[in-house]
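As given, the protein sequences belong to chains A and B, one line each in that order.
Here the first sequence stands for residues 3 to 311, numbered as in my numbering.
Here the second sequence stands for residues 3 to 311, numbered as in my numbering.
Check the hints yourself; a few may be wrong.
Stated by the list, open to error - Away from chain B, derived, C-beta distances all over 12 Å, residues of chain A:
hint : residue
1    : S16
2    : T67
3    : I72
4    : R74
5    : D186
6    : G227
7    : P229
8    : K261
9    : S272
10   : K277
Unchecked claim - Mimicking DSBU-like on lysine-lysine, the simulated pairs with C-alpha atoms at most 30 Å apart in a straight line are:
hint : chain 1 : residue 1 : chain 2 : residue 2
11   : B       : K44       : B       : K286
12   : A       : K196      : B       : K44
13   : B       : K158      : A       : K277
14   : B       : K277      : A       : K279
15   : A       : K270      : B       : K99
16   : A       : K279      : B       : K226
17   : B       : K279      : A       : K270
Think of the hints as simulated: they come from the structure by calculation, not from any bench.
The structure presented is a predicted model; accordingly, all values stated were derived computationally and were not measured.
Glycine is no exception: its CB is placed at the ideal position from the N, C-alpha and C atoms.
Number of protein chains: 2
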Amino acid sequence: MLCVRCGSKAVYYSPHSGHRFCAKCFIRSIERRVRSTINRYKLLEPNDRILVAISGGKDSQVLLTILSKIERRFPQVTMTALAVDEGVPGYRDFGLKRCRELCEELGVELVVTSFKELFGYTLPEIVSLAEKRGVGLKACTYCGILRRRAINIKAKELGATKVVTGHNLDDEAQTALMNLLRGDALRLLRLGPKPIEEYPGFIPRVKPLRYIPERDITFYAYLKGFPFYEVECPYVRASLRDELRFILNDIEGRHPGTKYAIVRAVDKLSALGVKVKVKVKSCKYCGEPTTRDVCRACELLESIGVVAH
Amino acid sequence: MLCVRCGSKAVYYSPHSGHRFCAKCFIRSIERRVRSTINRYKLLEPNDRILVAISGGKDSQVLLTILSKIERRFPQVTMTALAVDEGVPGYRDFGLKRCRELCEELGVELVVTSFKELFGYTLPEIVSLAEKRGVGLKACTYCGILRRRAINIKAKELGATKVVTGHNLDDEAQTALMNLLRGDALRLLRLGPKPIEEYPGFIPRVKPLRYIPERDITFYAYLKGFPFYEVECPYVRASLRDELRFILNDIEGRHPGTKYAIVRAVDKLSALGVKVKVKVKSCKYCGEPTTRDVCRACELLESIGVVAH
Numbered sequence: 003m004l005c006v007r008c009g010s011k012a013v014y015y016s017p018h019s020g021h022r023f024c025a026k027c028f029i030r031s032i033e034r035r036v037r038s039t040i041n042r043y044k045l046l047e048p049n050d051r052i053l054v055a056i057s058g059g060k061d062s063q064v065l066l067t068i069l070s071k072i073e074r075r076f077p078q079v080t081m082t083a084l085a086v087d088e089g090v091p092g093y094r095d096f097g098l099k100r101c102r103e104l105c106e107e108l109g110v111e112l113v114v115t116s117f118k119e120l121f122g123y124t125l126p127e128i129v130s131l132a133e134k135r136g137v138g139l140k141a142c143t144y145c146g147i148l149r150r151r152a153i154n155i156k157a158k159e160l161g162a163t164k165v166v167t168g169h170n171l172d173d174e175a176q177t178a179l180m181n182l183l184r185g186d187a188l189r190l191l192r193l194g195p196k197p198i199e200e201y202p203g204f205i206p207r208v209k210p211l212r213y214i215p216e217r218d219i220t221f222y223a224y225l226k227g228f229p230f231y232e233v234e235c236p237y238v239r240a241s242l243r244d245e246l247r248f249i250l251n252d253i254e255g256r257h258p259g260t261k262y263a264i265v266r267a268v269d270k271l272s273a274l275g276v277k278v279k280v281k282v283k284s285c286k287y288c289g290e291p292t293t294r295d296v297c298r299a300c301e302l303l304e305s306i307g308v309v310a311h
Numbered sequence: 003m004l005c006v007r008c009g010s011k012a013v014y015y016s017p018h019s020g021h022r023f024c025a026k027c028f029i030r031s032i033e034r035r036v037r038s039t040i041n042r043y044k045l046l047e048p049n050d051r052i053l054v055a056i057s058g059g060k061d062s063q064v065l066l067t068i069l070s071k072i073e074r075r076f077p078q079v080t081m082t083a084l085a086v087d088e089g090v091p092g093y094r095d096f097g098l099k100r101c102r103e104l105c106e107e108l109g110v111e112l113v114v115t116s117f118k119e120l121f122g123y124t125l126p127e128i129v130s131l132a133e134k135r136g137v138g139l140k141a142c143t144y145c146g147i148l149r150r151r152a153i154n155i156k157a158k159e160l161g162a163t164k165v166v167t168g169h170n171l172d173d174e175a176q177t178a179l180m181n182l183l184r185g186d187a188l189r190l191l192r193l194g195p196k197p198i199e200e201y202p203g204f205i206p207r208v209k210p211l212r213y214i215p216e217r218d219i220t221f222y223a224y225l226k227g228f229p230f231y232e233v234e235c236p237y238v239r240a241s242l243r244d245e246l247r248f249i250l251n252d253i254e255g256r257h258p259g260t261k262y263a264i265v266r267a268v269d270k271l272s273a274l275g276v277k278v279k280v281k282v283k284s285c286k287y288c289g290e291p292t293t294r295d296v297c298r299a300c301e302l303l304e305s306i307g308v309v310a311h
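Chain A on its own, in the form it takes in the complex (with noise of 0.2 Å):
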């Protein structure tokens, strides 16, 4: 079981493409494939002023490596790294250390920002006191807002034209299955490669990880000797996506390259070159952009009696 491209001892086998590789070949074959989504779709661009978000996990650690390796070529690009601390105690502390080391070796500036800081109040804080209002939302339907929210706020405070973030096959083959098994369409038709369309004071991002599947990110994330998070967060629940990356992953083992189909079939969908009319306003609380009157995050924080920001 030799590697197909240097002949050496095989560590890893695709059983998608057939291929074997040995660990220096695969590690090469992860960077290429990641450089050439970027040039290919025009990610990022010699201009650009990059924010990378990054929890401290595989994903984030193996696009900030790979990224800080590509971008050193291009001297004029400057790369900040940012991480959301939404204040769950135990869990996000070994991220964030992890974080700051992995800054330190990479020399990428790293900024933490917090859910506190921007919105008063920690995830557990909001969590207790929509528990208090009788509001049936999950952690996670927070948290992924505010994270949303936070990212663009840092964004467009630190002047950054392009927002990276570490989302991989698994992820966005899961959302397009979302999408397509909640009837939205328009989501479908956006979650294209490409940056998406700008709006006014929305930072476009961009999924550079878009065809690795987990299982190479988390070869990738063990080869180099990355830590992994030992804490689950304690919020974990089970939830449609849940679901379908169990759905998805027991599939993708008896048809190997369903996946990666899927984000393909999103791709055509997309290239098609459909205008999707997004009428997008200023949330009248925080002047951020969304299509309703009051933003999500704000409306969320409205909820549960947090006056907005």
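Got chain A sorted already, so can you dock chain B onto it with the hints?
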């Protein structure tokens, strides 16, 4: 637990809409939904010569019953039923018998054709030729492609302007999901509710049961006292569609409305009006419309050494 329409005792409950119906109002609600699907998407028009593809199974019994009720009001419409005998002994006999009974009851002319008549061989003969040649395709592949072809040949022969099939909401949701999982964005776009654009030589197909869940069709058939198959097709085997049927039923149980949401997403995609450019040629053997030089039906028949008809 009372009927939402007339207040008598309910026998039916929809977890998706929350509605309860008595038997009479349930039957009416299904017929109304079929009628409104036909009207909304102009599936059938007053001058159509309709060919209804039936198998004798519950979907086609329900379809033909409702259609003949609707079309009774439009005397200028002509309606013929078509049954395709693939020649599986034991299995098909019951279906054909039921087709004859039902057509007689409803006063609909029935045309019966067969694989033997059109292609020279029954399905079991084709499967055994394929096995001898080591062609690794499933019986369902031959059956699906040849059945589709048989229907189009007979539709043209009979001068039909529309072919009507009994595909239900579950079938459509499974197909949508299957197209996504196979990366087939174009098929996903062509799965919309309207009659597929006419190609020369291809009679457009419409699916008036597209928004009726299989569960409701089964209940309608039960209330009407339609007999069910007791024999399963001997060729039934695990396929991706079967996996998806199981998965979708499972998700629907936990998230009622998912199947409907999927089909609505397909509708929205198809409403974008993207022209899917398909170059249609005539098969060099049989002259039927195809996107290739040799159509899939002739290719299959050729691969097992059967000369194209």
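To see whether the hints hold, each was checked on the structure:
1. At roughly 17 Å from the closest C-beta of chain B, the C-beta of S16(A) stays outside 12 Å, upholding its exclusion from the interface.
2. Once the 12 Å rule is applied to beta carbons, T67(A) is consistent with being away from chain B; the minimum gap is 30 Å.
3. The Cβ of I72(A) lies farther than 12 Å from every Cβ of chain B, with a closest approach of about 28 Å, so its non-interface assignment holds.
4. Every beta carbon of chain B lies more than 12 Å from that of R74(A), the smallest distance being close to 35 Å; the non-interface claim holds.
5. The Cβ of D186(A) sits about 7 Å from the closest Cβ of chain B, inside the 12 Å cut-off, so the non-interface label is violated.
6. For G227(A), the condition that its CB be more than 12 Å from all CB atoms of chain B holds, with the nearest at approximately 35 Å.
7. Distance check on P229(A): its Cβ is at least 35 Å (rounded) from any Cβ of chain B, clearing the 12 Å threshold; non-interface status holds.
8. Chain B draws K261(A) into its interface by the beta-carbon criterion, the shortest separation being 9 Å against a cut-off of 12 Å.
9. A Cβ of chain B approaches the Cβ of S272(A) within 12 Å, the least distance being about 9 Å, so the stated non-interface status is violated.
10. Distance check on K277(A): its Cβ comes as close as 10 Å (rounded) to a Cβ of chain B, failing to clear the 12 Å threshold; non-interface status is violated.
11. Taking the CA atoms of K44(B) and K286(B), the gap is about 34 Å. The hint is violated against a cut of 30 Å.
12. Using a Cα cut-off of 30 Å, the hinted pair K196(A) and K44(B) is violated, with the two alpha carbons roughly 37 Å apart.
13. Proximity of K158(B) to K277(A) is assessed by CA-CA distance (about 39 Å); at most 30 Å being required, the pair is judged violated.
14. At most 30 Å may separate the alpha-carbon atoms for a hinted pair to count; K277(B) and K279(A) meet this at roughly 19 Å.
15. Using a Cα cut-off of 30 Å, the hinted pair K270(A) and K99(B) is violated, with the two alpha carbons roughly 46 Å apart.
16. Under the criterion of a C-alpha separation no larger than 30 Å, the hint pairing K279(A) with K226(B) is inconsistent with the structure, at around 47 Å.
17. A C-alpha spacing of about 14 Å is found between K279(B) and K270(A), which places the hinted pair at or below 30 Å, so the restraint holds.
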